[in-house]
Amino acid sequence: MSKESDDRREVKVLTREKLDLRQLVKAPEVGPSVVGRSIVRTDAMLKVTGRLDFGADYLQDGFLHGKILRSSHPHALIKSINTKKAKELPGVAAVLTAESVPGRNGFGAIIPDQPVICGDKVRFVGDAVALVAAETEKIAHQALELIEVEYDPLPPVFDPREALKEDAPKIHEKGNLLSYNKLRKGDMEKGFAQADVILERTYQVPFLDHAYLEPDICMAIPKADGTMLVEGPMQAPFTVRRNVNAVLGVPINKVRVRQIPMGGGFGGKEDSPIDLGCRAAVLAYHTRRPVRIALEREEITLQTSKRHPMIMQIKIGAKKDGTLVAFEGVIYDEQGAYASMGPVIPPAGGSHIHAMVMMPGPYEIPNVKVDAYLCYTNHPYGGAMRGFGAPQVHVAHEQIMDELAEALNINPIDIRRKNGFREDSATATGQVLEQSVGLHDTLEVCTRAFDWDRRYQETGYVDEGKTKRRGIGIGLGWYRTSIGTNNDACGANVYVHEDGSVLLYTGITEMGQGSFTVLPQICAEELGVRMEDVRLVQPDTDVVPESGPTVGSRSTTLMGNAIILAARQVKESILEMASEMLMVPMDRLESRDRRIYDRDNSGKSLEFREVAARCMAKGKRLIGQGWWAPPPPTLDPETGQGNPYFVYTYSTHMAEVVVDMETGEVEVTDYVAAFDVGKAINPKAVEGQIEGGVAMGLGYALMEEVALEGGYIQNLNLKNYLIPTSLDVPDIEPIIVEVENRFGPYGAKGIGEMPNLPATPAILNAIANACGGRVRTLPADPERVFWAIKEAERAVR
Amino acid sequence: MKKFSHVNALTIDEAVSILRRYGDRASLIAGGTDLLGKMKDRILSRYPEALVNLKTIPGLDFIKEENRILEIGALTRLEDIAIDQTVRGGYAALAQAANRTASPHLREMGTIGGNICQDIRCWYYRHPNNRFPCLRKGGGRCYAIEGDNRYHSIFGGSVEEGCYAVHPSDTAPALIALDAEIRTSKRTIKAGDFFQVEVTKTTVLDEDEIVTKILVPRPPENAKSGFVKFALRKTIDFPIVNCAALISSSEGKVSAARICLNAGYVKPYRASRAEEVIVGKTFNEADAEAAGSAAVSEAKPLPHNGYMVQIAKTMVKRAILACG
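If you're matching them up, the sequences are chains A and B in order.
Final position of the first sequence in our numbering is 1290; the numbers increase by one with none missing.
Final position of the second sequence in our numbering is 346; the numbers increase by one with none missing.
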């Protein structure tokens, strides 16, 4: 098998200069460089042949098995816990309750408000009231059954609006309002006064589970020197370390966290490894033995984070010609039992403020007001999930744009052409988008590729029996690169060896998104070596520099820049040494494809490895360390004005659906998605992100929902928590547009989370276009679509 | 999973005698696709102490047609039925039903005998770790009545106060529409009489009785059969409602009809009213729709499953049109 891409399908990559909208020709510049090529993933062979060891494959010899006794109530005081019988069961090594936690009895990505073990109170059914470690998983299960807990149930709160009421039961001492944020721009009264049409709509989205393929697992191994080693699949090893050290009450350097291969994360493995890491570490601390906690699928659904549900109210005003004049939004953002990634990290970090900033969509609107309430409830907690507050608001702003277009009798693409961001547009936060704004490029390319204008005329019944109708829909999207906090730096070390091979150290993790391919590509490009010369070191907090979490679609851009800085330091040594050896001035030398050569006389050259060996012998620097942080974010807490994120990715999606008018069943039959990614470091990897993201967005639109009843989850398993199967996902045509990001490595910006955002509303808009009914409460399952059709029929009569 | 002993039976008689020995503490296992899931999820309040393996009994895996009777051994896997040319040709509803059951993997494991003997579907009954000790498990109440009953029976419960769980088999309605018979270790039972409305059982089988084969009479030359299924995804899922029909016609007019719905009631639901309406009519949208409406005329939906009535009606309509 070739090391290069064997997939002969072409991924369309269009640069703005070469962007010929009439022909849609592929215009890549395939040179000898490593960047921009569809190199096969470094882990592809291992994964498809099943040779990559995931956590469940790790040897279990000598390990105790940890299990968690969870609450029987969504909200209750704990009256008593009796662990005597469980402790007496042969094979049980430890049964721990709250007082056993050696350090801080709390963890969390932002606020440590979630108890490692609940002592006085439980706040949702996933709460831990006791931990067990036993010789086998089976004994651990039996021990759980022997623990007796007496509860004093408290009235629960399940609706964020109820949670805000003065007489609502308090879930946490400080009350149920975790965060209230606002955005104020322009003059709302004046804005709405200019409007010819004003629409008011409410959209609602449920809790979603990540449904990653690999169940969570964590291993805590106490070392003889008192260090606690924590291993597991995780997106944020440094955040895990920061929590485990506090929970154990030891300094940071006494905890070592190693990331192991990860079978999907989607944001979910940012929170859960903190949870499991702390709990496994506490069990290991008490038993002085290695402890592994492997969650079963039902436990994952019960215990781990979800995508936040939101109730989103919008009032929007526009002139007859479609020009937007005012936007007023309210978000009731349900946090669930614990803070997780919801609350604000100043100035613009946390999912809640991100949702607020993104709510008005990628549109220029002079007058904007958003009020966003983040509320505790007795439900599972909302955390990060691919889009971090943005998928929810995309469901709202893209649907109301279509509803507005309909009210104004304008083509849905024209209203977006009129209002969509361009270079120098001002966002709702007053940020002027000075560069890398490819929204319109994606819109025009997508319109062509999808053949929107023709299809827009061809909607209606598709069968003789008049039971099925076809429709098309559009969704625009925008998404940040970075996380909007003042703590967003990435560090990388590059270590060149005497044979020219390279070790690359970063704290960015691989969860399927392709970082372990893209980051070495950048490193190889900058050093002038081949892709196979670079080996990426598995993230390990003892070994790699702090890189922050693998979130926010930040890895390629932020870490890419850090790698370039690190590689340049080494390259400087190499070129200095080569200059001496070749007796050619340094500025004439170039490093490319394992050779250092004189640009003016390419016959004069040295092998990269000879120069590296000489550097090593002479004691010249072969280790580089780069740190890079994006331009600092700003956001005024009173007005929500500022520059929260330094660059955005833009996208247009178009979907065709067929709706069964008698059953409400929806089939997505065709799909085109165009993205401005700045620069595709690896087009095939970008394509993978796009296709996976669209499938995920389709699930959000049509079927996914954590079904809750009285605080309990009804669909704990993937047999009734439905995600799309391969048969439910259409062929997707991805198109990559490159509008250079001045701040990105080779012009790149983030793509990881983006692709699922516009997919959901594109499909919802297509459904409305097909059947006349609009589903404003997700998911648009057949039943909801059916009732929406009936409602629309009644309205016509 | 709880511990159990696994006993290989070599003959039907041996399996029967093991069943007698264990009384109600044993379960039969063939493909195991339903049973093992139940045991692993710890949904039961009592577990079988022994599983009696039928796969070791020779001669129960066959499909043959003799004297216009299709015979299918109880251990025949659903995939084999789905792809069998004889079944597809003369007994289309059954082949289609087998083909729409679960996923390719499960069809390669699950047997026709197991498919008709499978347990009911209800997310309270099947909630992991026996969280809801419901009526069917000897508990005091049916949680679906006041709970989330969007996928429960639209034609009433086993008894007044529950169980509203549905029978999820795809092949059962096809067998009833085709007027099949179920041969057991004791007797021969009409498919239409095989399923039972009882809180703790799904079939009329005695504790020591084993299904050995299925007999399906070849439909008359002027008849066509068909099966339609509505599920939330294109594969894997259990039906929200399915429907099988066998319709004879002469000169474009329906002369006889057998129509059976499933997943809408505690057992397969024979749509007799629809049969009455469609006989004498031609195959057209309006009459098929009228038959669909007739099929659900006695529906008593629960607070959250009114939509299933619409689906049942549409499935009857489409099953009829599929036979035209």
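The hints are simulated quantities; they were obtained by calculation from the structure and are not laboratory data.
Careful: at least some of the hints might be erroneous.
Anything over 12 Å on all C-beta distances counts as not near chain A; from chain B, calculated [unchecked claim]: (1) 36; (2) 88; (3) 101; (4) 104; (5) 210; (6) 231; (7) 234; (8) 254; (9) 262; (10) 321; (11) 339.
One side of the interface only, derived from the structure: several residues of chain A facing chain B at Cβ under 8 Å [as the list claims (entries may be wrong)]: (12) 707; (13) 791; (14) 1094; (15) 1155; (16) 1196; (17) 1199; (18) 1200; (19) 1202; (20) 1207; (21) 1215; (22) 1218; (23) 1220; (24) 1221; (25) 1224; (26) 1270.
Not close to chain B: a few residues of chain A, all C-beta gaps over 12 Å, as computed [as the list claims (entries may be wrong)]: (27) 554; (28) 597; (29) 638; (30) 655; (31) 716; (32) 739; (33) 747; (34) 756; (35) 782; (36) 1024; (37) 1110; (38) 1122; (39) 1209; (40) 1211.
The C-beta atom is built at its ideal place from N, Cα and C for all residues, glycine as well.
Evaluation of the interface hint that places residue 1207 of chain A against chain B, nearest CB under 8 Å = Hint holds; residue 1207 of chain A Cβ to chain B Cβ min 5 Å, cut 8 Å.
For residue 747 of chain A, which was marked as not at the interface, is the minimum beta-carbon distance to chain B over 12 Å?
-> Fine: 37 Å to the nearest Cβ keeps residue 747 of chain A off the interface.
Residue 739 of chain A and chain B, when compared Cβ to Cβ, separated by more than 12 Å | The claim stands: residue 739 of chain A keeps its Cβ more than 12 Å from every Cβ of chain B (closest is about 32 Å).
Is the Cβ of residue 655 of chain A more than 12 Å away from each Cβ in chain B?
-> Non-interface label on residue 655 of chain A holds, nearest chain B Cβ at 20 Å vs cutoff 12 Å.
Least C-beta distance from residue 254 of chain B to chain A larger than 12 Å | Per Cβ check, residue 254 of chain B is inside 12 Å of chain A; nearest 6 Å; violated.
Reported absence of residue 554 of chain A from the contact zone with chain B (all CB gaps over 12 Å) = For residue 554 of chain A, whose nearest Cβ neighbour in chain B is about 23 Å away, the distance exceeds 12 Å, so it holds.
Is the shortest C-beta separation between residue 1202 of chain A and chain B less than 8 Å?
-> holds (5 Å)
Hey, does residue 1110 of chain A actually stay past 12 Å from chain B on C-beta?
-> holds (60 Å)
Identify whether the interface hint at residue 1215 of chain A stands, where standing means a beta carbon of chain B within less than 8 Å of its own.
-> holds (6 Å)
12 Å Cβ clearance of residue 36 of chain B from chain A | Holds, because the least Cβ-Cβ distance between residue 36 of chain B and chain A comes to about 31 Å, which exceeds 12 Å.
Residue 339 of chain B: least C-beta distance to chain A exceeds 12 Å?
-> violated (8 Å)
Minimum beta-carbon distance criterion (8 Å), residue 791 of chain A to chain B = holds (5 Å)
In the structure shown, a violation is registered for the earlier hints numbered 8, 9, 11, 12, 14, 17, 25, 26, 29, 39, 40, in ascending order.
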